[in-house]
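A.B. asks: Residues per chain, in single letters:
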Amino acid sequence: MASRTKQKEEARARRLEEERQRSLKARRDRRIRSTLGIVLVAVVLVAVAIVVSSGGAKKSGLQKGDQKNATVTAVNNLLAGIPQSGNRLGNPNAPVTMTYFGDYECPVCQAFTLEGGFPQLVQNDVRQGKVKVVYKSFCTATCNGPGQSVFNTQQVAGLAAGEQSKFWQYTELFYHEQGQEDTGYVNEAYLTGLADQVTGLNIAKWQSDRNNPNLAAQVASDTTSAQSFNVQGTPTLIFKGPKGQAAPSASVPTYAQLESTIKQVS
Amino acid sequence: MSATATASSETRGRLTTDAKLRIAIGVLTVIGIGIGTYLTYTHYAKLNVLCLSSGGCETVQHSSYSKLAGIPVATLGLAGYIGIFISLWIRGELGRMIGFGLALIGFLFSMYLTYREAFTIHAYCQWCLGSATIMTLLAILTAIRFLRVEPAGPAGPAKKSVDRAERRRQMAGRR
Chain P
1 MASRTKQKEE ARARRLEEER QRSLKARRDR RIRSTLGIVL VAVVLVAVAI
51 VVSSGGAKKS GLQKGDQKNA TVTAVNNLLA GIPQSGNRLG NPNAPVTMTY
101 FGDYECPVCQ AFTLEGGFPQ LVQNDVRQGK VKVVYKSFCT ATCNGPGQSV
151 FNTQQVAGLA AGEQSKFWQY TELFYHEQGQ EDTGYVNEAY LTGLADQVTG
201 LNIAKWQSDR NNPNLAAQVA SDTTSAQSFN VQGTPTLIFK GPKGQAAPSA
251 SVPTYAQLES TIKQVS
Chain U
267 MSATATASSE TRGRLTTDAK LRIAIGVLTV IGIGIGTYLT YTHYAKLNVL
317 CLSSGGCETV QHSSYSKLAG IPVATLGLAG YIGIFISLWI RGELGRMIGF
367 GLALIGFLFS MYLTYREAFT IHAYCQWCLG SATIMTLLAI LTAIRFLRVE
417 PAGPAGPAKK SVDRAERRRQ MAGRR
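Residue numbers (my numbering), protein chains in the order written: chain P, 1 to 266; chain U, 267 to 441.
Just so you know, these hints were derived from the structure itself, not from any lab. Check before you lean on any hint, since a few could be wrong.
Claimed, not checked - Derived DSBU-like pairs: lysine-lysine, alpha-carbon spacing no greater than 30 Å straight-line:
no.	chain 1	residue 1	chain 2	residue 2
1	U	K312	P	K240
2	P	K205	P	K64
3	P	K25	U	K286
4	U	K333	P	K64
5	P	K205	P	K68
6	P	K25	P	K8
7	U	K312	P	K68
8	P	K243	P	K263
9	P	K130	P	K240
10	P	K240	P	K263
11	U	K333	U	K312
12	P	K68	U	K333
13	P	K130	P	K243
14	P	K64	U	K312
15	P	K25	P	K6
16	U	K312	P	K263
17	U	K312	P	K130
18	P	K263	P	K130
Claimed, not checked - Calculated from the model, a selection of chain U residues having no Cβ within reach of chain P, i.e. all distances over 10 Å:
no.	residue
19	T282
20	L287
21	G396
We put the CB at the ideal spot given by N, CA and C, even for glycine.
All chains should be modelled from the sequences, with the hints used to inform the complete structure.
C.D. replies: Rendered as structure tokens:
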């Protein structure tokens, strides 16, 4: 009797064990399916994000239509009536000089020129003749991407506009319409497209001046100058005035930080 | 008796490990939320990020890759960390699944951004690298948590049946 009960219990235990094994296998299968599903969804979502991040952003740079017209108007309004010559903006006799080491393809320079303290500095101190700005070329973002040759070409394009006292219009437009890093957007069409947007620029003369060896030499001499100041990145801003020399510590200084540095040297 | 004891100690062991994983995930997400909040704040307040390397953080912060469809990636990261944190309080498989899914998305996108830092922007931001490291750890821990713990469902009744049979056997033994 006892042996029959034992046999029954053993059979039940076997059945339960089989049921448990089936259940475990079902759960394992379900979990594998869930994991694969999660991985698939994650990969698809990230792939979409990558496409949006690298494809949907500003790739070509050059603006068109109303956006371009608005940018050109904003640049012309900012610079209207301010004297300029070559790479200098402002009164040549201004007591304080801000030397701006920059790279046209550098996004931090763009941030400083468009969103940092620079527009206010131009509107107030430069316009009033208290500060003049001298732009010098120093290869950073461009040398990390397309290289020195593209850097020389683009910076010379700006200096060639400077031969017609339009350097700052060209520079501002470049920063406004800067493309995405390392996408090779700086080509002849881009550089000429910007020149076309500079109000009153003689394009034929600009094209001719781009071959002026003195302008290429100026870019090279700017690099030497940057090395003498131990410039490590762009933008680097060096203020020089009657009381000496100073530089704001922030990479993208606000107007208040620029004002504070101006006070130190004047 | 021994089977019950083993099952119960296993359950206790699992719970303990799950609790440890939850604590580790919680701590990491809190650090991530801190980084995300700081970077989001500096972005909208237009402040410079505190950075160890010269200009690396600014270069990355002002890069076109710092935004996704107009939203700063730091803000997206912050939302991800908050989501993972909330998932810790959702009971059962759903919470573990959400946590793992979010951490995996965060990890994959962090890897892409780190690749961009290295090969496109050519500058590194310690905050971003820190966040990428945290996301990597979170992806590992949430994966372990998701794969390790027995999900609810068929396991419940099957285990109960085994326990009931064991109890019956014990009662018979006592009699």
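A.B. asks: Run the distance test for U:K312 versus P:K130: straight-line Cα separation, threshold 30 Å.
C.D. replies: Satisfied, since the Cα-Cα distance of roughly 26 Å is no more than 30 Å.
A.B. asks: If you draw a straight line from the CA of P:K205 to the CA of P:K64, is it 30 Å or shorter?
C.D. replies: It holds: about 24 Å lies between the C-alpha atoms, which stays within 30 Å.
A.B. asks: Measure nothing beyond the straight line between the CA atoms of P:K25 and U:K286; if it is 30 Å or shorter, mark the hint as holding.
C.D. replies: Within the cut-off at roughly 27 Å; holds.
A.B. asks: Does the structure keep P:K263 and P:K130 at a Cα separation of 30 Å or less?
C.D. replies: holds (11 Å)
A.B. asks: Measure nothing beyond the straight line between the CA atoms of P:K205 and P:K68; if it is 30 Å or shorter, mark the hint as holding.
C.D. replies: Cα-Cα ~23 Å, so holds.
A.B. asks: Are P:K130 and P:K240 close enough, with their CA atoms no more than 30 Å apart?
C.D. replies: holds (12 Å)
A.B. asks: When you look at the beta carbon of U:G396, is every beta carbon of chain P farther off than 10 Å?
C.D. replies: Holds, since 19 Å exceeds 10 Å.
A.B. asks: Between P:K130 and P:K243, is the straight-line Cα distance small enough, at 30 Å or below?
C.D. replies: holds (14 Å)
A.B. asks: Are U:K333 and P:K64 close enough, with their CA atoms no more than 30 Å apart?
C.D. replies: Holds. U:K333 to P:K64 sits at ~22 Å (cutoff 30 Å).
A.B. asks: Against chain P, does U:T282 keep a CB gap of more than 10 Å to every residue?
C.D. replies: Holds: least Cβ distance 21 Å, greater than 10 Å.
A.B. asks: Under the criterion that the straight-line Cα-Cα distance not exceed 30 Å, is the pair P:K64, U:K312 satisfied?
C.D. replies: holds (28 Å)
A.B. asks: U:K312 and P:K240: Cα distance at most 30 Å?
C.D. replies: holds (26 Å)
The structure is consistent with each of the numbered hints, conforming to all of them.
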